[in-house]
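Asks: Letter by letter, the chains look like this.
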Amino acid sequence: MSSHRTRIGSGTVIVLLAIILWGYVVGPMIATFGQSITGVGGGFAEYATFFDFRGGAQGESMLGSIVISFLSVITSGLTGVFLAVLLRRWDFPLRKVCQVLVLVPIALPPLMGVEAFVLLYGIGGTFPQLLGSLFHVKQTAFAVDGVSGVLLVHTLTMYPYFYLTAAAALEQSDDSLEEAAYSLGASRFQTWTRVLLPMLTPAMVAGALLTFMSSMSSYTAPLLFHVDKVMTQQIVISKLNGQLGLASVVSVMLAIISILFLILLRRYEQRTGYSTQSKGGARKRRRVTSPVWKAVIFAAAFISTIFLILPIGMIVLLAFSVNGSWRTAPLPSQYTIQNFVGLLHDPKNWSAIMNSIEMSAIAVGGAILLGVTSAYVIARLHFRGKAFIDIAMMLPWALPGTVVAINLITAFANPSVFALGRVLVGTYAIVPLAYFVRFSPLVFQSTAASLAQLDGGIEEAALSLGANWSYAFRRVVLPLLYPAIAAGALLAFVNGIGEFVSTILLYTPQYRPLSIAINDELYYANYGTAASLGVIQVLLVLVVVTVMRRVETREELLKV
Amino acid sequence: MTALTLEALTKTFPRAGKVVDSIDLQIRQGEFFTLLGPSGCGKSTTLRMIAGFEEPSGGRILFDDADVTNDPPNLRGIGFVFQNYALFPHLPVGKNVAFGLQVRKLPAAEIAERVAAALLEVQLTGLDDARIDQLSGGQQQRVALARALVIRPKLLLLDEPLSNLDAKLREETRSALRVLHKSTQVTTIYVTHDQSEAMGMSDRIAVLYKGRVQQVGAPEDIYERPATRFVADFIGRNNVIDATVSSVSEGSAVVRFANGGELSVDPQRMAPGIELRTGAHVGVCLRAESLQLTGARGNFSGIVKDVEYSGAVRSCMVETDLGRMQIEIPSSAGRPTPGQTVQLSADPSAVYLVGSA
Chain A
1 MSSHRTRIGS
11 GTVIVLLAII
21 LWGYVVGPMI
31 ATFGQSITGV
41 GGGFAEYATF
51 FDFRGGAQGE
61 SMLGSIVISF
71 LSVITSGLTG
81 VFLAVLLRRW
91 DFPLRKVCQV
101 LVLVPIALPP
111 LMGVEAFVLL
121 YGIGGTFPQL
131 LGSLFHVKQT
141 AFAVDGVSGV
151 LLVHTLTMYP
161 YFYLTAAAAL
171 EQSDDSLEEA
181 AYSLGASRFQ
191 TWTRVLLPML
201 TPAMVAGALL
211 TFMSSMSSYT
221 APLLFHVDKV
231 MTQQIVISKL
241 NGQLGLASVV
251 SVMLAIISIL
261 FLILLRRYEQ
271 RTGYSTQSKG
281 GARKRRRVTS
291 PVWKAVIFAA
301 AFISTIFLIL
311 PIGMIVLLAF
321 SVNGSWRTAP
331 LPSQYTIQNF
341 VGLLHDPKNW
351 SAIMNSIEMS
361 AIAVGGAILL
371 GVTSAYVIAR
381 LHFRGKAFID
391 IAMMLPWALP
401 GTVVAINLIT
411 AFANPSVFAL
421 GRVLVGTYAI
431 VPLAYFVRFS
441 PLVFQSTAAS
451 LAQLDGGIEE
461 AALSLGANWS
471 YAFRRVVLPL
481 LYPAIAAGAL
491 LAFVNGIGEF
501 VSTILLYTPQ
511 YRPLSIAIND
521 ELYYANYGTA
531 ASLGVIQVLL
541 VLVVVTVMRR
551 VETREELLKV
Chain B
1 MTALTLEALT
11 KTFPRAGKVV
21 DSIDLQIRQG
31 EFFTLLGPSG
41 CGKSTTLRMI
51 AGFEEPSGGR
61 ILFDDADVTN
71 DPPNLRGIGF
81 VFQNYALFPH
91 LPVGKNVAFG
101 LQVRKLPAAE
111 IAERVAAALL
121 EVQLTGLDDA
131 RIDQLSGGQQ
141 QRVALARALV
151 IRPKLLLLDE
161 PLSNLDAKLR
171 EETRSALRVL
181 HKSTQVTTIY
191 VTHDQSEAMG
201 MSDRIAVLYK
211 GRVQQVGAPE
221 DIYERPATRF
231 VADFIGRNNV
241 IDATVSSVSE
251 GSAVVRFANG
261 GELSVDPQRM
271 APGIELRTGA
281 HVGVCLRAES
291 LQLTGARGNF
301 SGIVKDVEYS
311 GAVRSCMVET
321 DLGRMQIEIP
331 SSAGRPTPGQ
341 TVQLSADPSA
351 VYLVGSA
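Chains as they are written, first to last, in this note's numbering: chain A, 1 to 560; chain B, 1 to 357.
Treat each hint with caution, since some may be false.
[As the list claims (entries may be wrong)] Taking beta-carbon pairs under 10 Å as the criterion, some of the chain A residues facing chain B (in silico):
# : residue
1 : Gly-342
2 : Ile-458
3 : Leu-465
4 : Gly-466
5 : Asn-468
Hints in this document: simulated from the structure, not taken from any laboratory. Computed from a predicted model, the values in this text were never measured in an experiment. Ideal Cβ positions, reconstructed from N, Cα and C, are used throughout, including at glycine.
Put together the whole structure using the sequences plus the hints.
Replies: Next up, the structure:
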């Protein structure tokens with residue numbers, strides 16, 4: 001009986017998935033927990049110090065992480081909503097251009113991007129120098145450092161979480177709601193506070209949870225702005241001091257907070273946002289008539305847009321600057337294209353680019369297999385323990401890169417079945433493995449979202465026409481999922497190319513990936529070379545975004 | 001042409017419980033057979049078990065004499081038309097129709113020929129290369145039909161195929177389906193909740209309720225001789241009123257209503273299994289069109305609550321002391337107005353008895 005055979009087949013696949021997820025995701029997390037009890041600097045007592053916020057670096061670092069994340073949510077939220085309202089509600093010259101440009105920070109590469117902030121606003125940076133000489137005061141008066149620097153980076157990189165959802169919500173909401181509120185006697189202010197803003201709430205909550213999680217995970221911004229009282233920094237510091245037990249304690253605490261937020265977010269995602277039921281009548285955008293108001297809106301939009309694209313502009317500018325030509329002036333003094341030419345000739349950096357591409361490609365290959373299989377299994381099969389697969393799949397997405405790295409270090413510092421009986425720490429393999437673990441959820445999410453849209457009847461139709469399961473999967477399901485898989489895989493690939501946080505803890509000097517090469521160049525203040533590598537990352541992201549745009553339009557067309 | 005037999009077919013879902021409860025049906029070769037019932041009655045689940053999309057919890061499914069209960073759907077040779085058509089959005093019309101033939105690895109020339117013939121049959125010739133999303137709802141529906149028929153299925157299974165069409169298109173597609181059935185002679189099982197669709201198209205109908213078959217019969221049987229009180233209520237506009245048999249004699253019987261009124265009935269006209277003896281509780285079916293206004297003292301009297309004019313007839317809601325009654329009178333027979341007190345007379349030859357509630 002063939003239904004019997006399919007049942008054995010799907011059983012095997014589920015067991016295989018469970019083994020992989022256990023071996024590379026859940027097992028390593030548990031290993032870290034074990035290490036936190038028994039390792040150097042670990043133990044149960046260490047956990048208690050977390051809840052004494054004043055005593056000890058651990059409690060302080062947890063408080064620091066939470067406070068910074070909380071403030072980041074507020075500043076990113078205000079920025080995102082402000083931009084969404086500004087760019088979606090009113091019509092003004094160059095509005096479309098601004099709408100595109102404010103999304104450019106998404107392409108900001110992880111390490112070089114933060115460095116651009118330091119060079120723009122940090123001590124000795126462009127703005128402090130300019131303002132200092134303008135007002136004849138010491139430039140440090142205008143420089144950001146420490147927590148304010150971290151907040152600046154977080155705000156200007158995380159506002160898209162709010163901007164995108166708020167803009168979409170505003171675009172969907174239609175005028176009749178507003179008109180209904182006015183007709184019922186609400187003032188303009190009441191309409192905003194009682195109708196329009198509450199409609200944005202679901203989008204805001206999701207954005208807030210995402211921002212909080214990202215801020216908790218943030219490693220590079222605190223590193224470059226010298227904030228060490230955050231958990232990600234404490235993990236790395238303890239690890240470098242050889243206190244792997246203590247590093248594990250902090251990792252576990254950070255993991256618990258991240259998982260809590262993951263659960264909150266998933267819960268919240270299940271509640272749908274408000275979609276308006278009214279038909280017809282496209283929204284009309286406010287045409288501003290008062291010239292003063294017009295000038296104000298235009299200026300606000302213009303200035304914020306410039307401000308947002310400045311870091312990327314800085315990277316591009318630096319990429320054309322001569323290494324060492326920037327000492328005390330606001331900007332480098334000499335420019336050249338030699339940095340890009342050099343990339344092709346300098347075997348050191350060229351091999352870093354190739355290493356990153358290779359490592360990412362390996363990781364993405366695995367991520368496609370794991371992500372697509374588990375998305376399909378979860379969407380179409382009914383079995384016990386489905387929730388386990390779902391949570392285990394999404395777990396690495398919620399975990400900070402630092403924690404994933406510590407997990408892999410603890411799990412693979414000794415010979416392991418899952419490493420074919422070998423030690424992985426200190427080998428080439430551990431970096432692609434980390435990328436695979438971290439970025440499989442991206443493929444999974446994108447495939448699962450597409451599968452959820454795909455009517456199950458389509459598969460049944462293929463079966464009713466005589467196709468067996470594998471034929472139906474190959475000829476009907478896969479072609480329909482292909483755009484989503486490609487989008488997820490590309491996103492994973494780009495993330496792998498840029499990945500710095502887990503790489504710094506895992507790489508071996510023999511196989512230096514791109515982000516480490518940038519880090520090294522920055523260490524020697526070779527801003528030109530580092531920025532040219534950063535530009536390559538930006539270009540890659542832009543290519544991927546363009547491809548994904550096309551994929552999305554294709555998906556739109558496929559919806560019947 | 002294939003006959004279909006369902007033997008004690010049962011489906012239990014973990015949460016919903018017994019959705020299909022031991023259904024026995026025999027569907028003849030070439031028959032147009034309809035499963036009719038309200039939503040949740042188990043009709044779609046039954047159809048999906050016939051197709052092989054759901055595994056029965058018990059019972060057997062036979063295509064002619066072959067037991068297919070455990071066969072996967074792709075080996076059953078069925079054509080299934082889905083409510084939302086489930087067309088493959090990435091394939092153009094021609095490729096959608098050809099899919100089942102390509103699976104069967106037929107020679108390309110034969111595939112081309114049969115696809116063309118199928119598209120001709122549903123009047124979509126020349127649309128081979130059209131994208132699915134360029135088609136109207138009615139055209140998509142016909143592509144789905146062509147795709148199901150082109151494989152010359154043993155059974156054609158239709159799951160509420162008209163419910164996504166607008167009223168006019170539904171009428172047209174109904175007759176198109178009938179014509180197609182005549183020309184192909186394929187055994188067809190049609191699932192719907194719409195009784196006028198079922199009445200208009202079927203050779204026979206099975207009325208399902210709560211997972212059980214209430215009655216199987218030709219449309220006339222079901223309309224004129226409902227087997228159960230549920231069928232009487234569900235089909236047509238029927239007033240079912242509780243009564244007690246007050247006297248029985250050769251060739252006639254009298255029932256008494258709760259308000260003391262009496263009505264003589266024809267003892268030939270009642271559902272099987274009803275025992276006609278004095279004191280028995282029965283349900284008296286009075287079709288809306290069998291109740292008429294009368295100037296003299298009628299069987300019932302009441303106050304007109306609502307009138308709905310629809311051309312040839314007027315439908316009225318009349319509040320009587322036995323509850324609300326629906327009546328349908330020719331428009332020429334008078335113009336009752338809301339608030340008016342009216343007398344109703346029942347045509348004794350149209351009265352039918354079913355079991356009591």
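Asks: A separate judgement is required for each hint: does it hold in the structure or not?
Replies: Hints, verified against the model:
1. This hint is violated: A:Gly-342 has a C-beta 46 Å from the nearest C-beta of chain B, more than the 10 Å allowed.
2. Proximity of A:Ile-458 to chain B holds as hinted, the smallest CB-CB distance being about 5 Å (cut-off 10 Å).
3. For A:Leu-465, the shortest C-beta to C-beta distance to chain B is roughly 3 Å, which falls under 10 Å, so the interface hint holds.
4. Proximity of A:Gly-466 to chain B holds as hinted, the smallest CB-CB distance being about 4 Å (cut-off 10 Å).
5. Interface restraint check for A:Asn-468: the shortest CB-CB distance to chain B comes to about 5 Å, inside 10 Å, so the restraint holds.
The structure shown violates just one earlier hint, number 1.
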